[in-house]
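> The residues making up each chain are set out below.
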Amino acid sequence: MFSLPALLYLSALLFSIGIYGVLARRNILVVLMSLELMLNAVNIALVGFGRVHALSTTSGEHGGQIFTLMVLAVAAAEAAIGLSLLLLIWRRWKTIDLRELCRLSG
Amino acid sequence: MSGWLEHLVFGILATVSVLSSFLVVTRKNPIYSALFLVVMFAMVAGIFMLLDATFLGFMQLLVYAGAIMVLYLFVIMLINPRDETLPDEGGTSEKAFAAGVSLLVFALLTFGISNSDLVTEMTTPGGIPALAEVPATHGAIEAFGYELFSKHLLVFEVASILILVGIIGAVHIAMKQRPASADENDSNEERLVTDV
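Protein chains in written order, with this note's numbering: chain A, 1 to 106; chain B, 1 to 196.
Just so you know, the hints here were simulated from the structure itself, not pulled from any lab data. Every value quoted in this text rests on a predicted model; they were computed, and no experiment measured them.
Which residues of chain B face chain A? A few of them, derived with a C-beta cut under 8 Å, are:
#1 I76
#2 P87
#3 V101
#4 S102
#5 A143
Okay, derived cross-link-like pairs now, DSS-like style, lysine-lysine, Cα gap no bigger than 27 Å in a straight line:
#6 A:K94 - B:K95
#7 B:K176 - A:K94
#8 B:K95 - B:K28
#9 A:K94 - B:K28
Okay, the calculated bits of chain A under chain B, using three or more residues with CB under 8 Å as the criterion:
#10 38–52
#11 74–82
Beta carbons are placed, not taken as given, at the ideal position from N, Cα and C, and that holds for glycine.
Make the full structure from the sequences, and use the hints.
This is the structure:
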């Protein structure tokens, strides 16, 4: 089977692509999607570590997978809240441009 | 599954997921981003299944590619962004800054991975060994569910409370204002629109 570092490098690559999306894009929708991307990248690392850890235990524990399930729940809640905030912003200001929303900085 | 086939499948899944996530962050139209994100989620689900996390792979498909992406597509259709209303993306300096930061993070992460004692200790020459001594049901719904509802019950409860709070918050935030106070809200809205 493929090795653990290969998984971790893949996870790091996807995470950095997510960081690029969060920093470079002005569209709130795409920024939220990049956040999901970063959460997925972390999930890959968690499941990979959990899979290796399962080898050293007699019962084959699922700690990493349960952690990933928790991240899944957090991602679902984050998407729901973030998208409803986005709807509110769109209804009020008719824009999904992040730079137009930084009115607090003056 | 034999070794080389697993390598091949993992290589395809990894390549397609990296390519589609790159397309997610570079497409101007969010609909294309959302569609490439579905591809990326499906590839990650495949990687989970290769890692014997069968149940989690299906959850990934159901929750991410099913529920969350439908939510995104609904919002995209609701606000219906046309090309002229899409935000102008930043200039090259802004993109270069973002690319620099992400490359820096990637370099730091790869440095950390390649120098970590824990990772070297966990790495075996032929890749991750197959699960032989543990039950073959590892990652299947019975074993996973048994552990989730006995050893990690608190995690489950916290996740359920979190999702409940998320639902209530999303409904409250996205709810239309009550008609009784409509006048006040309209004037408020106008004022905010004028100072854009």
